[in-house]
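Engineer: Below are the chains, spelled out letter by letter.
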Amino acid sequence: MAFRFSTHLKQLPPWYNIRGLEFGVVLGTMGRLVRNLKGEVFPGWSTKESRARVAATLTPVVRSMAGFKQASHAAMPELDKEERKLLLERKQITPCLAARQDGSHVFINKKQDTIIMLNEEEHLAIHRFASGNQLDTIVADLRKKAKHVESQADMAYSKEYGYLTSMASECGDGLQLYMVLHLPGHVILNQIDKVERALNKLHLNISPFYTEYGEETGNLYVLFSPPAPLGTTDEILKHMEATADSLTEKELLLRQKIAAEDTITLSDAIGRMYGTLQHGAIMRYPELLHTVSMIRIATETGFLLFNGDPSHLQARLADIMLISSPTHLSYTSEEKSETIQAFMRMHLMKNLAAHLHINDEFSLHILP
Amino acid sequence: MLLTQIVNGQVSDLALCETCAREKGLFDPQSLTFAEKFFPEEFKAKVDKLVQELAEGKRVEKPSTKRTDVLTKCPVCDFPLETYRKTGRLGCPDCYTVFSRELELQTTPGATEAQPQTHEDAPALSRIALEKQLKEAIAREDYETAAALRDQLKDLT
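Same order as they appear, the protein sequences are chains S and Z. So the mapping is simple: the working numbering equals the position in the first sequence, first residue as 1, plus 56. So the mapping is simple: the working numbering equals the position in the second sequence, first residue as 1, plus 5.
Since the hints were derived computationally from the structure, they do not count as laboratory data. Predicted model only: the values in this text are computed from it and were never measured. Ideal Cβ placement from N, Cα and C applies to all residues, glycine included. A few of these clues could be false.
As a list, the in silico PhoX-like pairs of lysine-lysine whose alpha-carbon atoms are at most 25 angstroms apart [stated by the list, open to error]: (1) Z:K140 with S:K104; (2) S:K141 with S:K294; (3) S:K94 with Z:K159; (4) S:K94 with Z:K140.
Okay, the calculated beta carbon distance ranges per label pair [stated by the list, open to error]: (5) Z:G93 with S:S207: 28 to 34 angstroms; (6) Z:E141 with S:K215: 39 to 45 angstroms; (7) Z:K159 with S:E297: 37 to 43 angstroms.
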């Protein structure tokens, strides 16, 4: 029996808080694989009948994939606005699919680490997620899935261009890679522009993860490659991994530099944040994202101590970021009032703060 | 013969007498078919006739400007070339073949803007795609497109 779609939406993706990985800088990775059927019009230009034909051809292919026999499925007209918004917020579907109706479908496996979209921008789009830095695992898995798809259906391919896509500039290997990075050190020391310029030379890009609340919200950024031209995935993978390693090393150095050279300012910021958690009553979502980032810096630099396994703290922070979003709170609790939502958010943070305390050694150390 | 050149966006016109044009190997490319362009030796007689007509001041048949002679849309999915130029999007996998020259120019640095491809010089679509489009063109009574598709099918045999 297939899993109900609404159940998935109310649960947290299990891949999101896998413990024991290095969470310091690279928080998550994602790969996107696209394929189109030969002889069928691309979804953006096709008719309802054509999309239905594509879905009828590809649905058995999806169901025959490992982990997708019992996968949760929804035809897009079955999903209401809130459900689409939630999937979009979690980056599980693309804005293009969120806007689609007849003939478009979404499948989610039980682990919620693989989402398959039919008749999105392309006939078939597979998104594969993992926590931490697991790009090579993702690429290997997507290649396996691509091989399976190609053995089951005739895909549009040209020796000259590679896998054909609706956007002419995106044809090639049909693969694109993303990494979510936590870069407070770079933000505080104004290094993001410099990183952006350096990455452009490698044909990589970096952009803020949250654009709706202001660019630096949560100090989260997305490092991403352009769609891989034919035969370049391995090279891009190598560049992405080398870049992630280099950014991680630099970020940790910048954090140490801030902790060593600007101890008083950092200590003050952390103390104020801690005070808000102790005595505040409500917390808006952008403030929560900033607080989560501060807790990460504070625990990694030793200003705050956590009673327990540090990886449990990272996992809990990741959970809170998801479950306290306005869309998630609205969907799961049906609470629409912004103030009540902000109160519920603060309640979650207070529960976490009960396991955190200020490191007195630091307070004493910075006294004149 | 009036030769118009577009180099780096600069348009220049050059008027040549028939003899000079011939000596320089110039002729009006749009009046020739795909085969004539790529196998000029085999069509020398036609070129000679053209030059002769020019010398005698006879009216030379101008290249047709009818829409059906120009692939401004994909015959498989009707996707307009103009939309590709504006958005970078294509309508179907066959658009890659139909608009291949345009795609090449988009990816070739320094290339000038492409003229729309004619049915004669467009790379062949797959037989199945052509047959499908031919049926559809006949069904919607678009006989001009149907004739062009029929000619492409003939070329495949």
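Engineer: Indicate, hint by hint, whether the structure satisfies it.
Structural biologist: Hint-by-hint comparison with the structure:
1. Z:K140 with S:K104: 20 angstroms, holds
2. S:K141 with S:K294: 34 angstroms, violated
3. S:K94 with Z:K159: Judged against 25 angstroms, a Cα distance of about 23 angstroms means the pair holds.
4. S:K94 with Z:K140: 19 angstroms, holds
5. Z:G93 with S:S207: 28 to 34 angstroms: 31 angstroms, holds
6. Z:E141 with S:K215: 39 to 45 angstroms: 28 angstroms, violated
7. Z:K159 with S:E297: 37 to 43 angstroms: Given range 37 to 43 angstroms: violated, Cβ gap about 54 angstroms.
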